[in-house]
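> Single-letter residue listing:
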Amino acid sequence: MAVEAESAETESRLHRLASRGWAPKALTFVSLLGLLAIWWIAAIIADSRVLPAPPAVLDALHRDAVTGELWFNLAMTLMRVFFAFVTAMVIGSAIGIALGMSASANRFFDPWLILFLNIPALVVIVLAYIWFGLNEVAAIGAIAVNKIPNVVVTMREGARALDPQLAEMAKVYRFGRAKTLRHVILPQLQPYFAAASRSGLALIWKIALVVELLGRSNGVGFQIHLYFQLFDVAAILAYTLAFVVVMLLIEFLLVQPLEARSTRWRPKRA
Amino acid sequence: MSNPSKPVRPAGAPSALEVLVRDKRFRGADGVLVHAIDEIAFDVPAGSFTTLIGPSGCGKTTTLRIILGLDDDFAGHIRLPEKEGRTAVVFQEPRLLPWRTAEDNVRLALPDAMESENLDDLFAIVGLSEMRNRYPSELSLGLARRVALARAFAIKPSLLLLDEPFVSLDEMTATRLRQLLVTVWSARRTTALMVTHNLREAVQLSDRIVFLTERPARIRGVEVIDRDRSARDADWRERTVRDLDRRYSGVL
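As given, the protein sequences belong to chains A and B, one line each in that order. Residues in the first sequence are numbered from 1 upward in steps of one, following full-length UniProt numbering. Residues in the second sequence are numbered from 1 upward in steps of one, following full-length UniProt numbering.
In case anyone wonders, no lab produced these hints; they're calculated from the structure. Some clues are possibly wrong.
Stated by the list, open to error - Cross-link-like lysine-lysine pairs, in silico, PhoX-like; alpha carbons within 20 Å at most:
1) LYS83/B with LYS171/A
2) LYS171/A with LYS156/B
3) LYS83/B with LYS156/B
Claimed, not checked - Cβ-Cβ distance ranges computed for the label pairs, FRET-style:
4) MET114/B with ILE91/A: 31 to 41 Å
5) ARG49/A with PRO98/B: 48 to 58 Å
6) LYS83/B with GLY176/A: 45 to 55 Å
7) LYS25/A with GLU117/B: 38 to 48 Å
8) ILE91/A with GLU214/B: 21 to 31 Å
9) LYS171/A with GLU214/B: 24 to 34 Å
10) LYS171/A with GLU117/B: 56 to 66 Å
11) PRO98/B with MET101/A: 20 to 30 Å
12) GLY28/B with LYS171/A: 18 to 28 Å
13) THR175/B with ALA98/A: 46 to 56 Å
14) ILE91/A with ARG22/B: 45 to 55 Å
15) LYS83/B with ARG264/A: 40 to 50 Å
As the list claims (entries may be wrong) - Coverage of chain A stretches by chain B, computed from C-beta distances (three or more under 8 Å per stretch; other residues unrestricted):
16) 93-106
17) 136-144
Beta carbons: idealized from backbone N, C-alpha and C, even for Gly.
Sequences and hints are given; from them, build the entire structure.
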């Protein structure tokens with residue numbers, strides 16, 4: 001009898017928890033824990049320098065955090081990611097929207113776009129360093145150029161999907177240019193912009209590491225290169241994880257709240 | 001015999017909208033050239049409610065789009081009621097901005113001079129007082145149409161165009177909305193032109209009905225209804241519909 005009451009109470013508590021939105025978060029936590037467990041077990045079985053267990057990675061992380069090296073290199077990489085991201089989004093969106101709106105421009109530039117989409121990141125980086133020297137502008141430019149074609153493709157789709165019916169409404173009701181852009185066009189492009197930013201951030205930071213490895217003397221990519229030569233896998237994993245955590249923080253603290261705000265008008269899925 | 005396409009102008013009422021469209025063709029989705037309109041010429045007297053009625057695909061919506069300035073590839077001319085006046089439209093679809101609330105959708109259409117206009121009365125009259133802060137996705141089609149109506153009347157237009165504003169609603173909702181339209185329009189009288197293929201609707205709402213032929217469209221006749229709207233009971237409506245139906249058989 002008492003057990004029954006207790007289980008009912010637990011159930012209602014769980015229900016309350018779920019309604020407060022904790023259940024999905026708990027699930028995420030359990031899922032990450034599972035991943036950690038798999039890694040740990042694999043490390044124990046392998047018992048080798050090339051696959052260190054989580055404590056060894058934590059050690060390496062702590063070592064570089066104390067000296068401040070970790071923070072400095074994270075900041076350098078983050079700075080490059082930030083500037084490359086902004087550059088790529090601004091230029092890519094402008095080109096993408098222009099191509100989406102003009103069929104003839106699109107026909108002309110489409111082959112260029114396909115070409116740029118298919119140039120390997122490595123080639124762009126090497127050429128940028130050769131042509132513009134081993135400097136910060138070349139590095140950030142190379143990252144941006146790698147990302148721009150993807151932004152163009154996504155934003156072009158967005159511009160093509162603009163609803164002509166809303167454009168007509170805006171015309172009849174004399175919205176004018178500024179009002180039409182702000183209230184009619186940009187909200188329609190928002191999901192495409194969000195998609196481009198999402199895939200953009202992930203791609204950009206991966207390319208940023210290669211850029212640093214090839215031609216910079218700091219940043220996460222440089223450190224990974226260094227530890228590769230020292231054959232220190234624990235440190236390599238430490239830097240990787242540290243940067244992934246930074247990117248996750250950006251995703252959860254910046255990207256998702258912004259997106260939730262800009263899509264609050266959407267019908268909530270049951 | 002008089003030319004049926006010649007504009008009929010009732011004595012005393014200055015014409016507010018003059019429409020003359022000749023030989024309108026457009027390329028359909030399949031690339032075939034469609035001869036939509038042969039010649040349509042009619043007037044809408046100031047402050048009257050005129051309805052354009054005809055079979056599906058006879059160029060009614062095309063005519064509205066030409067008047068709205070959304071299609072300028074035509075021969076003929078359009079004279080709007082006032083040069084500086086505004087034209088409002090209720091499209092077949094509500095065409096609301098999904099990311100703006102009902103009230104913002106109405107407010108965004110207001111000219112700058114009316115930006116802080118008090119809309120309480122308007123929302124009350126269209127029965128949306130409680131719905132002002134809802135997003136369009138939270139509204140039924142009937143309610144969304146009310147928002148579209150509110151938006152049209154909010155800008156105090158000198159010409160109101162309605163493109164089958166009650167299509168694809170259940171009959172009860174459509175009836176309620178028609179009554180609502182009469183109420184709002186009586187309170188904020190303006191020159192109105194509606195397109196429909198529903199003769200019963202036309203008979204209930206209009207001062208004048210312009211009958212169009214099949215494509216390519218010409219005017220088949222103009223009927224003036226001078227009975228007071230409040231006196232148009234169900235009996236009278238059915239009689240009138242039957243009568244018009246007989247005289248314009250094949251039109252609808």
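> Identify every previously stated hint that the structure contradicts and give their numbers, smallest first.
The structure breaks hints 6, 8, 10, 16 and 17; every other hint is satisfied.
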